[in-house]
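Sequence lines, in order, name chains G and P.
Adding 42 to a residue's 1-based position in the first sequence gives its number in my numbering.
Adding 42 to a residue's 1-based position in the second sequence gives its number in my numbering.
A couple of the hints might just be wrong.
[Claimed, not checked] With the C-beta cut set under 7 Å, the calculated list includes, among others, these residues of chain P facing chain G:
{"#": "1", "residue": "Ala66"}
{"#": "2", "residue": "Asp75"}
{"#": "3", "residue": "Ala87"}
{"#": "4", "residue": "Gly95"}
{"#": "5", "residue": "Thr139"}
{"#": "6", "residue": "Val141"}
{"#": "7", "residue": "Phe144"}
{"#": "8", "residue": "Pro168"}
{"#": "9", "residue": "Thr169"}
{"#": "10", "residue": "Ile290"}
{"#": "11", "residue": "Ser291"}
{"#": "12", "residue": "Phe306"}
{"#": "13", "residue": "Pro320"}
{"#": "14", "residue": "Val322"}
{"#": "15", "residue": "Ile323"}
[Unchecked claim] In silico lysine to aspartate or glutamate, EDC-like type, Cα no more than 16 Å apart, as pairs:
{"#": "16", "chain 1": "P", "residue 1": "Lys184", "chain 2": "G", "residue 2": "Asp182"}
{"#": "17", "chain 1": "G", "residue 1": "Lys84", "chain 2": "G", "residue 2": "Asp333"}
{"#": "18", "chain 1": "G", "residue 1": "Lys184", "chain 2": "P", "residue 2": "Glu96"}
{"#": "19", "chain 1": "P", "residue 1": "Lys117", "chain 2": "P", "residue 2": "Asp333"}
{"#": "20", "chain 1": "G", "residue 1": "Lys84", "chain 2": "P", "residue 2": "Glu96"}
{"#": "21", "chain 1": "P", "residue 1": "Lys223", "chain 2": "P", "residue 2": "Glu193"}
{"#": "22", "chain 1": "G", "residue 1": "Lys84", "chain 2": "G", "residue 2": "Glu69"}
{"#": "23", "chain 1": "G", "residue 1": "Lys184", "chain 2": "G", "residue 2": "Asp202"}
{"#": "24", "chain 1": "P", "residue 1": "Lys84", "chain 2": "G", "residue 2": "Glu193"}
{"#": "25", "chain 1": "G", "residue 1": "Lys223", "chain 2": "G", "residue 2": "Glu193"}
{"#": "26", "chain 1": "P", "residue 1": "Lys184", "chain 2": "P", "residue 2": "Asp202"}
{"#": "27", "chain 1": "G", "residue 1": "Lys223", "chain 2": "G", "residue 2": "Asp200"}
Bear in mind the hints are in silico, worked out from the structure with no lab data behind them.
Cβ atoms here follow ideal geometry from the backbone N, Cα and C, with glycine treated the same way.
Protein chains: 2
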Amino acid sequence: MTSREDCLALDAHDPLAAFRTRFALPEGVVYLDGNSLGARPKVAAARAQSVIGEEWGNGLIRSWNDADWIGLPAKVGDKLGQLIGAAPGEVVACDSTSVNLFKLLSAAFVLRPGRRVLLTDRDNFPTDNYVAEGVAAFFDGKVEIRVLPAEEILAAIDQDVAVVSLTQVNYRTGRIYDMAKISAAATAMGALSLWDLSHSAGAIPVDLTGAGADLAVGCGYKYLNGGPGAPAYVFVPKRHHQAICQPISGWMGHAAPFEFSGDFRPAPGIGRMLSGTPPVIALALLECGLDIIIEAGMDALRVKSMALSDLFISLITQQCDGHGLELISPQDANLRGSQVSYSYENGFGAMQALIARGVIGDFRQPNVMRFGFAPLYVTHIDLWDAVQALRAVLVGAEWKKFPMRAGVVT
Amino acid sequence: MTSREDCLALDAHDPLAAFRTRFALPEGVVYLDGNSLGARPKVAAARAQSVIGEEWGNGLIRSWNDADWIGLPAKVGDKLGQLIGAAPGEVVACDSTSVNLFKLLSAAFVLRPGRRVLLTDRDNFPTDNYVAEGVAAFFDGKVEIRVLPAEEILAAIDQDVAVVSLTQVNYRTGRIYDMAKISAAATAMGALSLWDLSHSAGAIPVDLTGAGADLAVGCGYKYLNGGPGAPAYVFVPKRHHQAICQPISGWMGHAAPFEFSGDFRPAPGIGRMLSGTPPVIALALLECGLDIIIEAGMDALRVKSMALSDLFISLITQQCDGHGLELISPQDANLRGSQVSYSYENGFGAMQALIARGVIGDFRQPNVMRFGFAPLYVTHIDLWDAVQALRAVLVGAEWKKFPMRAGVVT
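Using the sequences provided together with the hints, build the complete structure.
Below is the structure:
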């Protein structure tokens with residue numbers, strides 16, 4: 043049995059404990075939804091004032107040079123690269139995950155002419171498969187989307203496959219794909235591997251280079267703490283830089299945007315993945331989030347993350363047994379991202395009741411209660427308090443007060 | 043002859059004079075580059091603090107509902123609609139101009155099957171034509187880009203044309219296309235008209251509905267004062283909502299994004315033009331800029347804008363005659379946006395010298411000095427001071443101190 047005092051002791055010995063003070067978290071809230079929207083680094087407010095007040099307000103147009111706004115997508119991209127095992131010059135920050143995925147999926151079919159299959163997971167994050175549908179419609183009959191259960195993906199990589207498009211950490215269950223194994227299988231068959239890192243970057247150590255991954259995208263507003271709707275990013279390793287071309291060939295992807303020449307000439311490196319004018323303020327805020335993670339170090343974060351999620355599972359077993367919650371995340375922490383999910387028939391109402399008690403997780407259709415553990419700011423006692431609150435919700439059947447509603451962002 | 047006192051008198055009688063105090067402009071600067079990056083509304087700093095501190099920091103994930111983040115693209119879109127003659131529900135704010143243009147150009151060929159021509163202007167903003175190239179490459183031989191001089195566009199609209207893609211106000215010269223005439227010609231031939239409003243929204247009254255325009259995009263960071271890299275927007279009139287589909291079918295364009303269903307089902311209205319998660323902070327800042335323009339009123343802004351650009355031209359004639367500057371903008375203010383451009387063989391150095399003197403305009407290849415007049419915050423005495431400075435630059439040959447450099451954002 044783990045006690046409240048045990049949790050306090052774990053916090054007292056947590057080498058990352060001080061990082062919590064770098065985040066602005068409201069009083070009375072246990073925040074277990076950093077996998078959906080990361081908390082705010084305190085420094086983000088000051089950085090916003092500096093970019094808005096000084097760089098925009100006083101620097102005006104001069105800040106494209108003087109504050110190196112023009113270099114932000116690459117600068118932030120290189121910091122992202124440190125977290126995902128990419129070399130400098132292999133990542134740029136830009137656009138949304140959906141837009142970047144569109145670019146890379148389209149590019150994949152150009153890199154692998156004659157191959158028609160886009161292989162993906164039935165339980166992939168929905169937008170990834172929606173974007174795949176858009177790409178297929180656009181290629182007008184020349185692309186076939188093959189959607190399979192996760193466990194059948196590896197065997198299904200054959201010579202018809204142009205690209206295997208997967209999310210490394212499943213958004214619902216937290217299960218981690220074996221990126222190295224699947225990337226190697228893709229390479230062996232001449233296919234490309236494309237990884238969505240939205241639920242892994244900042245949550246687990248990622249080694250794109252070591253895995254031999256071909257392409258990747260990811261989102262900036264979850265574990266990276268970049269702010270609501272933060273810019274996303276694109277990874278393309280140097281070996282593909284010469285051949286890759288993406289369809290949204292806007293001026294920021296041009297070799298010389300300010301030449302204003304009539305014809306598009308793609309930038310020589312990762313810059314060719316850019317399209318429009320970079321979102322300067324949002325990029326600066328994303329950089330604030332990245333700096334903290336780099337300082338803490340992904341290995342230390344992973345150690346704490348695994349301890350947190352193991353603790354949560356054991357506390358749930360201890361406190362909430364017999365209420366019908368079923369763990370749908372892997373039992374083995376090595377196979378889990380930084381989240382734990384339970385299916386529960388009254389999950390929607392139970393999560394709303396928890397939120398009313400100040401414990402914020404989220405709900406995913408049809409019946410999943412999802413809890414994320416951002417190790418930079420979640421404490422062991424947070425988890426004790428969260429599980430006590432959940433126990434009270436279950437014992438008191440508080441979920442009855444919150445009937446399912448449509449149209450609510452959950 | 044116009045005197046300094048005349049300029050002061052014009053300012054004293056300017057009904058929009060008070061709006062200048064709503065913007066943060068640095069001391070000692072005459073800012074004539076609001077056509078490239080609009081100045082900062084003072085209120086933007088407070089709004090950023092509120093969104094970052096309160097909505098993100100304290101509200102966390104709850105703000106998608108409680109602060110209606112999810113409704114921001116439509117809310118900001120409707121405010122944009124007021125400035126460009128669109129009905130509520132016909133505009134959304136999202137992504138960059140390049141990405142939005144890609145969506146609409148792609149959509150145009152789906153709306154006009156069997157037609158292969160994308161007709162555009164040789165002097166269109168480069169990114170517009172770069173994106174057209176990307177769309178054509180993507181449609182793999184089924185799209186032909188026909189690039190003509192502006193004066194030949196009208197006659198070239200025939201039954202092969204799927205879409206006529208033009209920028210309403212030319213970025214270099216400021217010349218205004220006759221949107222109603224060209225849109226009508228497109229409609230008569232069964233083609234679609236697509237307008238880039240980046241240099242017109244907030245600068246001149248735009249009436250998309252009155253002109254019968256089919257599609258439009260535009261940028262948020264020029265005359266709309268939305269901040270560096272502000273979100274762009276998409277206009278699709280209701281008559282096209284049912285038939286239009288765009289290729290970047292991300293979750294925010296889904297009829298029910300939080301259903302997390304396996305198949306993409308486009309939102310019924312303009313929402314289907316969305317792709318990824320909205321850039322919340324940037325949208326809030328754009329809204330600050332729009333609110334001021336709506337309060338001032340586009341008609342009043344246009345009256346002042348025309349007066350400013352006429353004044354500038356007459357002061358240049360008066361003060362800088364004989365130095366080789368040649369007006370490349372239309373003489374008639376009715377044919378000009380809110381900018382005036384001169385070709386000048388030493389234009390690069392002359393503009394750098396002007397900037398060193400605190401008068402900020404910009405330079406466009408190969409030899410264009412461009413001056414924008416944002417009537418919300420540019421005064422008549424600003425123009426007097428600017429032209430005096432330019433005269434000093436020319437008389438002193440100060441342009442010699444600034445040789446042309448590559449790689450500089452101008």
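Verification of the supplied hints:
1. Ala66: 4 Å, holds
2. Asp75: 5 Å, holds
3. Ala87: 5 Å, holds
4. Gly95: 6 Å, holds
5. Thr139: 6 Å, holds
6. Val141: 6 Å, holds
7. Phe144: At 5 Å from the nearest chain G Cβ, phenylalanine 144 (chain P) passes the 7 Å test, so the hint holds.
8. Pro168: Holds. Min distance 5 Å.
9. Thr169: This hint holds: threonine 169 (chain P) lies near chain G, its Cβ roughly 4 Å from the closest one there, short of 7 Å.
10. Ile290: 5 Å, holds
11. Ser291: 4 Å, holds
12. Phe306: With Cβ-Cβ at 4 Å, under 7 Å, it holds.
13. Pro320: Holds, about 5 Å.
14. Val322: With a closest approach of 4 Å, the valine 322 (chain P) hint holds.
15. Ile323: Since the shortest Cβ distance to chain G is 6 Å, the answer is holds.
16. P:Lys184 with G:Asp182: 11 Å, holds
17. G:Lys84 with G:Asp333: Holds, at roughly 12 Å.
18. G:Lys184 with P:Glu96: 48 Å, violated
19. P:Lys117 with P:Asp333: It holds: about 12 Å lies between the C-alpha atoms, which stays within 16 Å.
20. G:Lys84 with P:Glu96: 12 Å, holds
21. P:Lys223 with P:Glu193: Between lysine 223 (chain P) and glutamate 193 (chain P) the Cα gap is close to 13 Å, so the pair holds against 16 Å.
22. G:Lys84 with G:Glu69: 15 Å, holds
23. G:Lys184 with G:Asp202: Judged against 16 Å, a Cα distance of about 12 Å means the pair holds.
24. P:Lys84 with G:Glu193: 55 Å, violated
25. G:Lys223 with G:Glu193: 13 Å, holds
26. P:Lys184 with P:Asp202: With Cα atoms ~12 Å apart, lysine 184 (chain P) and aspartate 202 (chain P) stay inside 16 Å; holds.
27. G:Lys223 with G:Asp200: 14 Å, holds
The earlier numbered hints that this structure contradicts are 18 and 24.
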